[in-house]
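So the protein lines, in turn, are chains F and D.
When the first sequence is numbered by numbering that gives the first Met the number 0, its final residue is 332 and no position is left out of the sequence of numbers.
When the second sequence is numbered by numbering that gives the first Met the number 0, its final residue is 333 and no position is left out of the sequence of numbers.
Please keep in mind that the hints were generated in silico from the structure rather than gathered at the bench.
Here the structure is a predicted model, which is why all the values come from computation and not from measurement.
Misleading hints may appear alongside valid ones.
Which chain F residues face chain D? A few, computed with CB under 7 Å, are given here [said to hold, decoys possible]: (1) Leu54; (2) Ile74; (3) Lys77; (4) Arg78; (5) Ile120; (6) Gly123; (7) Val256; (8) Val280.
Note that beta-carbon positions come from the ideal geometry of N, C-alpha and C, so glycine has one too.
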Amino acid sequence: MAEDKIIEIVGLTKYYGKLKAVDDLHLSINKGEIFGLLGPNGAGKSTTILMLLGLTEPSAGEARICGINASRNPIPVKRKVGYMPDNVGFYNDMTALENLTYIGRLNGITAVEDRAREMLIEVGLEGAMQKKTGTFSRGMKQRLGLAEVLIKQPEVIILDEPTLGIDPTGVRDFLALIQQLNEQRGLTILLSSHHLHQVQQVCNRVGIFVGGQLLAEGNIETLARNLFKASPYVVQVTADGEFPSSAVLEMPGVKKVAVVDGGVEISGEQDITPDLVRLLVSKGLDITGVQKKTYGLDEIYQQYFENNLKENVSNEKSSGLFQRSFFGRFSKR
Amino acid sequence: MKSQAAFFNGLFSAGSQSGSSPFFVMVRKEVADQVRSWRFIILGGLILLTFFASTYIAMINIGRAVGNYDDPDRLFLYLKLLTTSDGALPPFHIFIGFLGPLLGIALGFDAINSEQSSGTLVRLVAQPVYRDAVINAKFVASLIVISTLFLSLNLLMIGGGLYITGVNIEPSEFIRIMGFVLLSIIYVAFWLNLAILLSVRFKQAATSALMAIAIWLFFTVFYQILVNIFIKAFLPDPNSLTQDQIISYNGIILTLLRFVPSQLYSDATTTLLMPSVRSLGPLTMEQMAGAIPSPLSVRESLLVVWPQVSGLIAATTVCFALSYYLFMRREIRT
C-alpha cells in the first residue's frame, strides 16, 4: 500500500511570524488520483503547495513526494513534479515556442524543439506557436502553462487555481484536458481551487482546507454523509393552499419543516417523497413542483466554512481583550 | 533506502540527458535578453558614440601629444590614444567613469523583481534548478555582455591605431590597456551588483531603478559637496598649520573621497594609462628629490593601483554576497 501513496504530508506546519498559515497538516494522495484542495482565499493552499515543491521551508513536519523529502531534496522532486502557479506568467517578448523550449532545456530534454511543438499541439495552441506570449489571453496562457508542465513528463501535476479567470467554456475544456491526462497517462493531479463546481466535476477526492487546517477529506458523497448525518434527505415542495405542517411532521422520519422562499422544505432521515406527495394531494393541495435536493459541494463547503467562521469569531473575542480595551477608551470620548 | 534509490535515479537521468547544464541555459537566455533589450542598445550606442568621438579627437591631436618633449609618456602611442584630448571632449576613460554606472544600473535594476512581478520567477524555480543558479546566471550574463563590449571597443582602438599609424604596440602598453579593460569591467560590475541587490530588495522595478540612480547621483554630486562642507566645518585653516599637519589632513580628505567608487576608478585608470604617475596622494619635496621624471614599469603602476582595485573588487563582492543572501532567504511568491 505504501507504494501507492505518491504524496505524503505528515504534520506539515508553517508560520509566517505569528500567523499560522498551515497547521499540522496530514494528508496522503494515491497514485493516479485527482485530488482537489478546496478552500477560501488565504486558507494556506498555496503555501502547502509551495512546501510540497520545496520552494518554501516548512516550520515543522515534512512533505514527501514519491518518497523523497521535498525540503531536503528539492531537485529530484522538481524533476518529477510539474507545477503551475496561480497567475502563470511568461517572458512576454518571447514566442510560445521559445518559452516552452527554454523550460525544456532547463529540464535537460533532448530534441527539445520537436517535443515543445508536440506539447503545444496537444494543448491546442498550434496556431499560436510563433506568437509572442505578451499577446496571449489568460486562457491561452493557462494552456501554455499546462504544456510547460507536461513537457518534462512529470509523475505528479500540481495546479494552483488553474481555472481562475478563464471563461466557462475555457474552464470546461481545461478540466476535460486534465481529466484526459489523468485517464490516459495515469498522472496524479493535485489542484487547488475555490471554485467548487469545477472541482466537483473532475476530482476523485477533495480536501476542505480552511484557516490552515484540513477540516475534512474524502469523496463528495462521504463528505455529505458525514456532514448531514441528522437529516440527509431534503424535499422542497411548492404548492398552493394551506400547508399541513403538523400532519407532515407526524410522518415517519421527518425531522424538520421549514418555509423557505417559494415553498416548504421538509428534511428527514429517509426518502419519503412519494408518501409526502400522496399526503399533500389527499389534503387538497395543488402541487406545482416537487424537488428532491441532493447535497453538492456548495452546501458542504458552505457548512464547513460557516462553522469555521463562527469559531474564528469566538477566537477573536477571547484574544482581543487588549484591543477591546483600547477601542473602548476611544469610544468613550 | 527508498529515498536513496530515488536520488540515484535523479542522478542517472541527469547524467544521461545530454545537453548543457541549466545554469548555462539560463546564461545563454539572459545574454540574448540583454543584447536585444532597448536599454542595452541605447546605452551601448552611447558608449560607442563617445568612444568614436574621443578616439577621433585623440587621433587628430596625437601628433602634438607625441611631439611634446615635456611629457615622459609621449612615446606610449596607444595609451595616448586613450587619454589625449583637446579639452573640448573628455577622454574615453572619463566617459566610462560617468557612463559605466548607468550601464551597470540599466543591466541590473530589474533582474529579479521584474521576473517576480511577471510571475516567471516561480515557474523558473519550480524547474529542477538550484535557486542560486538564477541569480548567478543573471550576474554572469551581464558580466559577459559588459566584458565583450569593453574588450571589443579597446581591441578596435588598438587595431585602428595600428592600421592608421603603423606603430607597433609595446607589450607593456598592451598589458596596461588590458588592465584598463579589466578595471572598467570591475567598475561596471560593482554598479551592476548594486542594481541587482536593489532589484532583490525592492518589489517594483521602478523603485529599484530610482534608488540606484539616487545612489549614483549621491556619489557623483552630493558626496563631494558633503565632504567639502565637512572640511570647512571641522578642519582648521591651512595657513596656520605646519606642512606635516597639512599632509596628514590631506590624507584624511583623500581617504574620505575614496569611498566613492568613481574616485577609485579614476585614480586607478589614471595610474594605469599614464605611466609617469607615481603616487595618488601628495608627495613631499624629500620624496621627489632625486626622482627622474620617467614612466614607471607596468609592475610598479600595478602596485600603486592595487589598493584601488581591491577596494572596487571588495565593494562588488559585498554587493553580490548581500543580494545572494537576500535572494536565497526570500519567499518566492507571486
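Going down the list of hints, with the structure as the test:
no.: 1; hint: Leu54; result: holds, 6 Å
no.: 2; hint: Ile74; result: holds, 5 Å
no.: 3; hint: Lys77; result: holds, 4 Å
no.: 4; hint: Arg78; result: holds, 4 Å
no.: 5; hint: Ile120; result: violated, 21 Å
no.: 6; hint: Gly123; result: violated, 20 Å
no.: 7; hint: Val256; result: violated, 50 Å
no.: 8; hint: Val280; result: violated, 59 Å
Taken one by one, the earlier hints fail for this structure at numbers 5, 6, 7 and 8, listed in ascending order.
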